[in-house]
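Participant: Between the sequences and the hints, there should be enough to build the whole structure, so can you do that?
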Amino acid sequence: MRELILTRHNDLVDPFVHVWGWEIPLYLFLGGWVAGMMIINGYFLLRGRHREDLCVCSVLPGLGVVLLSLGMLALFLDLEHKLYVWRLYTTFKIASPMSWGSWILLLVYPALLSAALVRIPPLLGALWPSLDRWSDRVSARAGAVRGIGFANVVMGVLLGIYTGVLLSGLGARPLWGSALLGPVFLLSGLSSAAAFTHLVARHAEERTLLAKSDNVFLLVELFLIALFLVGLLSAGEAHIQAARLFLGGPYTAVFWVFVVGLGIAVPLLIQSLAVSHRIRHTALAPLLVLCGGLALRFVIVYAGQFSHWVG
Amino acid sequence: MARYGMVIDTRRCVGCMDCVVACKTENEVPEGLNRDWIASDTRGSFPTLHTEIRTERCNHCDNPPCVTCCPTGASHVEEPGRVVLVTPEMCIGCKACLSSCPYDARFVHPEGYADKCTFCVHRVREGLDPACVAVCPTRCMHFGDLDDPNGEVARLLDSREHHVLLPAAGTEPRIHYLG
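Chains as they are written, first to last, in our numbering: chain A, 1 to 311; chain B, 1 to 179.
Be a bit skeptical, because a hint or two may be false.
As the list claims (entries may be wrong) - Computed Cβ-Cβ distance ranges for the label pairs, DEER-style:
(1) A:T90 - B:S40: 41 to 49 Å
(2) B:G44 - A:V154: 38 to 46 Å
(3) B:P149 - A:F16: 36 to 44 Å
(4) B:N63 - A:S130: 49 to 57 Å
(5) B:H163 - A:A179: 28 to 36 Å
(6) A:E3 - B:E161: 20 to 28 Å
(7) A:W22 - B:A2: 42 to 50 Å
(8) B:E161 - A:L107: 51 to 59 Å
(9) B:V121 - A:L233: 24 to 32 Å
(10) A:D14 - B:G44: 20 to 28 Å
(11) B:H163 - A:H9: 54 to 62 Å
(12) A:A179 - B:G127: 40 to 48 Å
These are computed hints drawn from the structure, not numbers from a lab. For glycine and all other residues, C-beta sits at the position ideal for the given N, C-alpha and C.
Facilitator: Rendered as structure tokens:
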């Protein structure tokens, strides 16, 4: 038996750390989603699909800029000393995942904007004809398009992994103390992006390709989540207790129902039936995947703050 | 170079909270927040229970995760004494340091920056003890250079069994508790 009584009652810290509210999970979700869209769009550019009339290449980069900006707004709202945010860009701390992230975000925007220039959405082209002329110049150069595609894939992978490493770099929370968190968040971002692209794609071939890819992403994500839990259970006492938050502890129901069940298993089943032509493609599975991705970030951030070292 | 640390005799600490009040007064710690606090830690099964009362604060770790994770360098290790400090004008209030501290020793100051125990460096530079050490009525707290073999803290550590908090966290804390 152990009873520990503290006279400390610091806001955001006691009775357990809860320094991050909705802003950080939302930012991590949007960042992962945009990372997935960059990888998918980059792949399409590398394969030359931007030449197809109905390619989603005209939608994804612009939307990525909007979603990432919303995520950064959420991140900014979370800061307690907002006027000093510029300090992020007066230094580079090699050991700080957050410092890496702030510089990666600065490089993600040019990659997204250059990808947007390859296929300007028709509405923007009509509003600013000069954009169309620039787009024609860029898309006519195969090497430039391949370079932009490659840059988007690389920056997408870095951004997606960073959203997980941001948490796993904070070793005081045993739940986050896993190198698998980066890959889990990357796969979740990819599956969210594939689901969303599947939702907005107008090209039938693209829709099928993305539904199939999403199934693979979801399967790998499920496998990584299982490995993540096994890794925690085979580590020290603090990590075992952290894993128990999902195995009978206070976060069990929300994790298994919303993240694994409705967020991965059910859409995986629906999309498997859809790609084998047993049922029609609907918006249900992609929407569930997106909600599951958001739930994953909320559960990991909240449960992680709840977990702590024991001694 | 010096490596400041504390040795706290848990057999002498009675949990009177003089250290807490002294810290709040000396450092003008805002109402409702604490840089140091008292822990009452009871272990065992009735009737063989053991209670340790101790005063806790930032451990000024040799391997401080709060410094490693800080994206701006606001959290840093300062000489002399390798004390872990925060520069308010560099802190963006991201709270990564709060999440990274296994001792939950940090908090957000109402002005928005991360705050914590400084070992009263402003007093130490003048040759004084930290306020909490200076006021302790049972003299259970001892402050000094852990690397000075002839110093009081090193001698106490040599003479008695001692432990640190959460050694498994790997932060190498510099506050030692005599059992």
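Participant: I'd like to know which numbered hints this structure contradicts. Please list them from smallest to largest.
Facilitator: Hint check: 2, 9 and 11 fail, others pass.
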